[in-house]
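> Could you fit the two chains together into a complex? Lean on the hints.
One line per chain: the protein sequences are L and R, in this order. Under this note's numbering, the residues of the first sequence are numbered 1 to 198, in order. Under this note's numbering, the residues of the second sequence are numbered 1001 to 1371, in order.
Everything labelled a hint here was simulated from the structure, so no lab data went into it. All values derive from a computational prediction rather than experimental measurement. Wrong hints could be hidden among the right ones.
Pairs of lysine to aspartate or glutamate residues, derived as DMTMM-like cross-links and limited to a Cα-Cα distance of at most 20 Å, are as follows [as the list claims (entries may be wrong)]:
{"#": "1", "chain 1": "R", "residue 1": "Lys1272", "chain 2": "R", "residue 2": "Glu1300"}
{"#": "2", "chain 1": "L", "residue 1": "Lys144", "chain 2": "R", "residue 2": "Glu1147"}
{"#": "3", "chain 1": "L", "residue 1": "Lys76", "chain 2": "R", "residue 2": "Glu1040"}
{"#": "4", "chain 1": "R", "residue 1": "Lys1066", "chain 2": "R", "residue 2": "Glu1040"}
{"#": "5", "chain 1": "R", "residue 1": "Lys1168", "chain 2": "L", "residue 2": "Glu43"}
{"#": "6", "chain 1": "L", "residue 1": "Lys75", "chain 2": "R", "residue 2": "Glu1078"}
Pulled from the structure, derived: some chain L residues nowhere near chain R, Cβ distances all over 10 Å [stated by the list, open to error]:
{"#": "7", "residue": "Glu43"}
{"#": "8", "residue": "Lys101"}
{"#": "9", "residue": "Lys106"}
{"#": "10", "residue": "Gln158"}
{"#": "11", "residue": "Asp162"}
Positions of the beta carbon are idealized from the N, C-alpha and C atoms, including for glycine.
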Amino acid sequence: MKNKVLMGLAAIVMVAVLSSCGKKPQAEIDAANAAIEAAKTAEAAVYVPAEFAALQDSLNTVMADITAQESKLFKKFGPAKTKLASILTLANQVAANAGTKKEEVKAEVTTLLTGIKTVIEENGKLIPKLPRGKEGAAVIEQIKADVATVDAAVVEAQGLFDKGSFMDALNKINAAKEKADGLNAEVKEVLTKARIKF
Amino acid sequence: MRIKKFWKRIIILAVILALVPVIIIMLIRLVPQPPQEKVEDARIALSEAASNNADTYTKKLYREAKSFYDSAMIKWQEENKRFIYFRNYEEVVRLADLSARKARQAAKISRNSEVDLNIFLKQKIENLNNIVGQIDKIFTSYPLSAEVWNRISRGKMLLKESEVAYRKGQYAQSKVKVADSELLLTDSYEKAKTNLKEYFNSYPVWKNWVDRTIRESRQNQNYSIIIDKYSRKCLVYHGGTKKYEYHVELGKNWVGDKRVKGDKATPEGMYKIVKKFGSNKTKYHKALLINYPNETDREEFKKEIAKGTLPRSAKIGSLIEIHGDGGRGVDWTEGCIALTDSEMDVVYKIAMEGTPVTIVGSIVNIDQILD
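Same shape as in the complex, but just chain R (with noise of 0.2 Å):
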């Protein structure tokens, strides 16, 4: 009888250990699967986005998706809370995977967008330096405003800017400077070329006057000067053909015909080298002095009086001579053509009394200066 109770016991309590095992089994396959892929593929794509920028360049896209990782983990926490097997995980998962799209969405954005805007950005400042290089070229020693040269000066500033932070990988940083700069040095240039061109509508009168000189030079077999204000150039032509080609420094105001006397402007005109001092007669080396003011620079001054554009009291310059001490690189004669000594030297050598000597605005069209 004892044997037997024994034995039972001994089976109960086998059925007991083996019975333990397959309720802790069944206990943890029913407890409902935590959602850790899920959110670890979220927390993946979220890095990855962030690593992309995606919080500079597609901000609200990149927001949304951490917003809805940050709920996940909220809801996930809020669920753990409850009895195990109580737990539902389907808001979790979803707002996970919301996270995720959101995510890899912004980050595949933030990979173009940043292509994209470093090519629109090496484009940009390349086609900016282009401009300012024009600027450089075209307007170094024409007299633009102050204020346009402020804006040009700030936005050459704006633009090394930019390029400072498109170096350093700061495209959004750099987008916005050549936004600024851009604004600026186009407006700018837009503003200086109008100018320019302003300055150039009496180009046909110019050519004409070129024409003509280097025809009646072919034609009388004898020595003409072509002064170009705009390349500042002095051009000497021997029987239609030049001969030489020298540098000139012309006076402060060289932009327009000369209209006054103290104007500092150089005048435009056809005239003829009426008087030769030798380096004893002038304490500019040597000079040829120019019969201004011609008979049409007189009737342009009447008219000017006349008109009231200019004061009753203006007096009409004189003197103005092709002279040298040149060379010292900057506009600084009172309207006068300045040479170097050596090329005065040659200019004084072929040039008599009666020699023409023509000052145009530019020998060639606008277009051409800014091409």
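The shape of chain L in the complex, shown without the other chains (with noise of 0.2 Å):
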């Protein structure tokens, strides 16, 4: 009788063994969360989004592994801690490239806006010099134009700029610098074909 019991108990204990060898890493599961989650207020998703696109279906498939993990008899974490570490490695990897991606648009604005003010500078002083008959012209009325789009196209990067916005801010300012550096060849052009110095 008392063998009995014992063998019952055995094979309780056995079972009981078995079906519960893993737990469910949460405390993995938080820190890469919480590591995409820095990786997305680094604006990942904007700098890096390929980086970032992949990172987060890492993630969606670690999930899928460990729901798929719960729901066995025999579970078994140990994989999906392996995964979870190398997604906190890359989420930090992710939001660190984000961050490098982000300073060098951000420099790139900022050179193309001393740039483009230089070329505005120029043009500013150059405009007064264009022929008197060009006053009321076709081509005066054109390049004044021309002077206040761009003009309003650095005051709208900028104000991108400021808010943080360096992506938006560099479309722009790529455009408005193509722009401006058009008008100076164009005012240079009529400039040097009326024999002004300049």
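In structure tokens, the structure reads:
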């Protein structure tokens, strides 16, 4: 009788041990989620969108694996833990990459803004030198309109820059720079033709 | 007896040992199968949709797919909380299937949308650049209003922004910019064309003057000068045949006929050279004075005064010349026609008092210009 009881207990312990040999790695999940959130805050979705999408996809895969393990009688979270650790490292890397890219874009916009302001300043000095006859003529109207458009675009780009929307500012300032350079070349061409020194 | 008891125990133990794996296998087999494959399928489909920018092109469908996936995961986790043999994954499978189907649909639409949008944007940007080219070609020296130029300028800037976004593969942003640009450019272009067409309403009259001038040059075997204001050309004919063609610079407000003194317009009509000024008689190298205002100009001027379209104090202009000192690349005169000094030398040499000078808006019709 005593032996029967012992054997029964052994069987129960065996089942219990086998069915609960792994615990959901909640701490690792929380850490990975926090790291992804940090990457999101670092605007990884804006500056390194492909890397960020891959990171989220990796987390989805691991979460599905974990949930699948939870469905099983014999749970095994070891591989998921390893993957979560990798995700944590990757998320930190993605956040760092986003930061680097953001700084690069910021520097590019700063350079372009400085460059365009120099061109605008030069245009401001050149335009009054245009031949007197151009006053009121079609070309001067175009130049005036272009100058106003470039000025407005620079103000808009500066506003986006100040708000920290460096990527949006970059697109705007790139277009404005092309326009300002074109305008500068046009004015210089007119001045050269009109034999006016500048 | 003892031996018998011993063997009995051994048999019981063997039976138990034999039954344990059977029971375990049965226990395992009876566990409902988790919907891992279905959820994985949905995740892959979602990932594919995301990489095809479904969030941009088919936002609603993609969000639905994502929402179904999240619901499937939540439902799965809820089921996992129940006793293992009571779990039912049917709803999880249904949600995962829905998610996968919608995600695949979103990916397909996005793929096609991206390809279509790429083609659409490429064509649209090309078309708008053609419009910009037309505007630059036709209207660079045509005085349009400041408002129209502002709209054109903003349209050009948006087109540039659209091109920048297009080059970076940001098609959705490019599309928005291109649409705004199109609105500004096409509208301005149409307004400018309407304005130009109105000016060209006088074309039949101009054509008549040009034909008469060339015909008379042929009949009289003399030199005639035709000024085409729109294309900035000075055409010198002899015996009805074109001998020289030069670029000219005009008055700042060259569009339309001259109406009043000081309007800086170059007159339109059939004139004659009435006086030649050598280099010591003019500050513009050499000059040929024409008989502006002629009888027709005076009548028109009087009519305008009578109608009140010009104030009574207005004076008719005079001293319209073909002269040198040109080649500045801009319209700078007070209404005269300027040639470079070397070209002026040629024209001055062949011109005499009485040489016809016909000034028209254009020698070609509007369709040829716009084509």
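> Confirm or reject each hint.
Here is what the structure says about each hint:
1. Lys1272/R - Glu1300/R: Answer holds: lysine 1272/R to glutamate 1300/R is near 18 Å, not above 20 Å.
2. Lys144/L - Glu1147/R: 11 Å, holds
3. Lys76/L - Glu1040/R: 18 Å, holds
4. Lys1066/R - Glu1040/R: Judged against 20 Å, a Cα distance of about 13 Å means the pair holds.
5. Lys1168/R - Glu43/L: 18 Å, holds
6. Lys75/L - Glu1078/R: 17 Å, holds
7. Glu43: The assertion about glutamate 43/L holds, with a minimum of 16 Å to chain R.
8. Lys101: 14 Å, holds
9. Lys106: 17 Å, holds
10. Gln158: 15 Å, holds
11. Asp162: 19 Å, holds
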